[in-house]
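Visitor: The primary structure of each chain is shown beneath.
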Amino acid sequence: MPAEAAISGSMRPQPYRVTEVLRELDDVVTLRLAAEDRAPLPFRPGQFNMLYAFATGEIPVSISGDPSRPDELLHTVRRVGAVSSALAQLERGAVLGLRGPFGSHWPVETERGRHLLFVAGGLGLAPLRPAICRALARRADYAGITLVLGARSPREILYAWQLAGWAAAGAMKIHVCVDHAGPEWGGPVGVVTSQFPRALDGIAPDRVSAFLCGPEIMMRHGCGDLEHLGIHPERMWISMERNMKCATGLCGHCQFGADFVCRDGPVFRYRRVRRPLGIREV
Amino acid sequence: MEALPNTADAGMTRPRLIDDPRDLLRHFLGQGYRILAPQERDGVIDPAPLTEPEALPRGRVDDQGPGHYRLRDGDPDRWFDYVVGPSGWKAWLYPARRKLWSAERTDDRLTFRDATTAWPKTVLFGVRPCELAAIARQRRIFAEGPYVDTAFAERLERSIIVVVQCARSAPTCFCASMDTGPRAVAGYDLALTELPADHGAAFLVESASQAGDDVLHTLGGATARPRDHAAALDLSRAAAARQTRTMPDDIAGGLKLRLESPVWADIASRCLTCGNCTLACPTCFCSDVEEVSDLSGDHAERWQLWDSCFNSDFSFIHGGPVRSSPAARYRQWMTHKLSYWHDQFGSSGCVGCGRCITWCPVGIDLVAEADRLMAEGTD
Ligand SMILES: Cc1cc2nc3c(=O)[nH]c(=O)nc-3n(C[C@H](O)[C@H](O)[C@H](O)COP(=O)(O)OP(=O)(O)OC[C@H]3O[C@@H](n4cnc5c(N)ncnc54)[C@H](O)[C@@H]3O)c2cc1C
Ligand code: SF4
Ligand code: SF4
Ligand code: FES
Chain R
2 MPAEAAISGS
12 MRPQPYRVTE
22 VLRELDDVVT
32 LRLAAEDRAP
42 LPFRPGQFNM
52 LYAFATGEIP
62 VSISGDPSRP
72 DELLHTVRRV
82 GAVSSALAQL
92 ERGAVLGLRG
102 PFGSHWPVET
112 ERGRHLLFVA
122 GGLGLAPLRP
132 AICRALARRA
142 DYAGITLVLG
152 ARSPREILYA
162 WQLAGWAAAG
172 AMKIHVCVDH
182 AGPEWGGPVG
192 VVTSQFPRAL
202 DGIAPDRVSA
212 FLCGPEIMMR
222 HGCGDLEHLG
232 IHPERMWISM
242 ERNMKCATGL
252 CGHCQFGADF
262 VCRDGPVFRY
272 RRVRRPLGIR
282 EV
Chain A
16 MEALPNTADA
26 GMTRPRLIDD
36 PRDLLRHFLG
46 QGYRILAPQE
56 RDGVIDPAPL
66 TEPEALPRGR
76 VDDQGPGHYR
86 LRDGDPDRWF
96 DYVVGPSGWK
106 AWLYPARRKL
116 WSAERTDDRL
126 TFRDATTAWP
136 KTVLFGVRPC
146 ELAAIARQRR
156 IFAEGPYVDT
166 AFAERLERSI
176 IVVVQCARSA
186 PTCFCASMDT
196 GPRAVAGYDL
206 ALTELPADHG
216 AAFLVESASQ
226 AGDDVLHTLG
236 GATARPRDHA
246 AALDLSRAAA
256 ARQTRTMPDD
266 IAGGLKLRLE
276 SPVWADIASR
286 CLTCGNCTLA
296 CPTCFCSDVE
306 EVSDLSGDHA
316 ERWQLWDSCF
326 NSDFSFIHGG
336 PVRSSPAARY
346 RQWMTHKLSY
356 WHDQFGSSGC
366 VGCGRCITWC
376 PVGIDLVAEA
386 DRLMAEGTD
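Protein chains in written order, with my numbering: chain R, 2 to 283; chain A, 16 to 394.
Be aware that one or more of the hints could be misleading.
Okay, derived cross-link-like pairs now, EDC-like style, lysine to aspartate or glutamate, Cα gap no bigger than 16 Å in a straight line [what the hints assert, rightly or not]:
no. : chain 1 : residue 1 : chain 2 : residue 2
1   : A       : Lys271    : R       : Asp260
2   : A       : Lys271    : R       : Glu282
3   : R       : Lys174    : R       : Asp202
4   : A       : Lys271    : A       : Asp394
5   : A       : Lys271    : A       : Glu384
6   : A       : Lys114    : A       : Glu305
Source of the hints: derived by calculation from the structure; they are not laboratory data.
Kindly produce the complete structure, drawing on both the sequences and the hints.
Guide: Below is the structure:
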């Protein structure tokens, strides 16, 4: 009798049910998920899951909810292609496949006593939100919390309702800027890096730990500018995006220099990736 | 592969001498093993199921060079003077296409089921030292990390590996400089050395595992003498000495300092980005996934297939591939193989088998390009 070996179980998803769909922006939804037949999934801020849309495919999506509420498993998805569109079209009650969580996390808990600076570009706020929730839950551990958020236009500010709540609670400072806006917009217009001097005003740069997520070019320039302003490359982290097929270090797709983004990342200490980030097409 | 010796005396059975490799094949066939062994088919010698010991390609030799492979007649009495073919063992242990799982949609549920794979107890017969090293490197990735490809691990576990030590090197071989050959010293179950005709006895058979010992015990044959060992070592030394290609010693660190070298663009001006090198390479492991669904719409399957870093979609995100230029793709292949592999898995990703050189349609030579890169200054 030939032995029967199951092919790598780590590639097989588990069924999860969509318990709520939140329309965030024109092309962005947040799915609330619950495991069909297992306990809620503990995760760390910055980790991601592979979400599978039946008969379409599977893509990496960051977990965007509060890590202290794993029963409220949230993923925020922008519709860009086949799989993300299929996921964004799911309705309450639909079932999808999920494997994870995978990858490294934002190390907010090791940065106690410091001033936390979160920098998000567009949908980059989604993977950062769990870290912000974690930091706010332990506000006394930190000297301060600041969020600098860039969006293309005022209509494309993600989680606007929550930003308003955070600002009102007074536990953190929030600076929002947009690339372009009509006259109704009272805030600053410009790239996200243009807000750094204002956001860091009065804060000693050697006390700042920065967490950046957004388009690669934004993170590269952002880290460069922050380094210029005196923040140490050891105290900055970014979240990288690469094509991913397995999330388990076996398919080779996500390689970035010597690192596998799915396994060694997606969250990297800036110092570790500074060199390859500066080289084209790595 | 049987585990390395885990009892004090496993692999301690004294090597034997046998006259004819077919005796070994008959032994395994008699025990009900499936045998995979190199055979000539469609102009190449590559492993395939063997039911008839006469099917070994005795007396055949492979001429190899950059972009060149041709079989011809050699010494009709020699059994194993050819070296490695295009496919090798990778396609058996890690199939080019396989089902991972299937999903059923019923009412409002989704059920996932793992695919399974059948693998009878098998003898991998005629594995070359560089190929043994390549199998170990893939095992490091698939079976010794935090996530395990259970099918790969299972296949290897249910296989007996019989190495054939190399008496001849092709001009494309550079295993000596990668420290993987031409003589394997561990990690196999049995190893055969085809001794020179003037030595008198045909084959030295060594064991490195309990399974190998068990076979040696039943084989019969004379116990090897010191002069037989000496002849085997001489033969390996001579095969190493005939190799003409040598990978630069400092290539792993050196490439990291040359990521922006103009040589990449020069190689790219010749490279067709066909990916032959990655398919032929016995350590290359990258894969893609594919969704297959049927007309009913309630059944879907996930398949895995080999992929290549030379495909432009390989690095696709958002609007386009990260590595759109052929230069960046060649750089990815070479730096991964020769440099980053050390950081990732603790060894080189190259075992010096020369396949990428032979099977490149335009004859791009990995070693020559490595030399050229190292001759250029750093970034
Ligand atoms: C670690 C990580 C976290 C992510 N988190 C989120 C998130 O929270 N929300 C969100 O909306 N998106 C996120 N993305 C991006 C998301 O995975 C892509 O938008 C998605 O893969 C696009 O797939 P598609 O089939 O819809 O698009 P297509 O354009 O049809 O893509 C075809 C294929 O290319 C690959 N691909 C394309 N774009 C990307 C990409 N940006 N990253 C990786 N692979 C890609 C995928 O394999 C995809 O199936 C994340 C990506 C990574 C790597
Ligand atoms: S890189 Fe070339 S020589 Fe090295 S193991 Fe792969 S195919 Fe063989
Ligand atoms: S190096 Fe040769 S075999 Fe490899 S992709 Fe380029 S042309 Fe094809
Ligand atoms: S996604 Fe497959 S190795 Fe990282």
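Visitor: Take the hints in turn and mark each one as holding or not.
Guide: Results of checking the hints against the structure:
1. A/Lys271 x R/Asp260: 13 Å, holds
2. A/Lys271 x R/Glu282: 15 Å, holds
3. R/Lys174 x R/Asp202: Answer holds: R/Lys174 to R/Asp202 is near 12 Å, not above 16 Å.
4. A/Lys271 x A/Asp394: 9 Å, holds
5. A/Lys271 x A/Glu384: 15 Å, holds
6. A/Lys114 x A/Glu305: 9 Å, holds
Violated hints: none; the structure is consistent with every hint.
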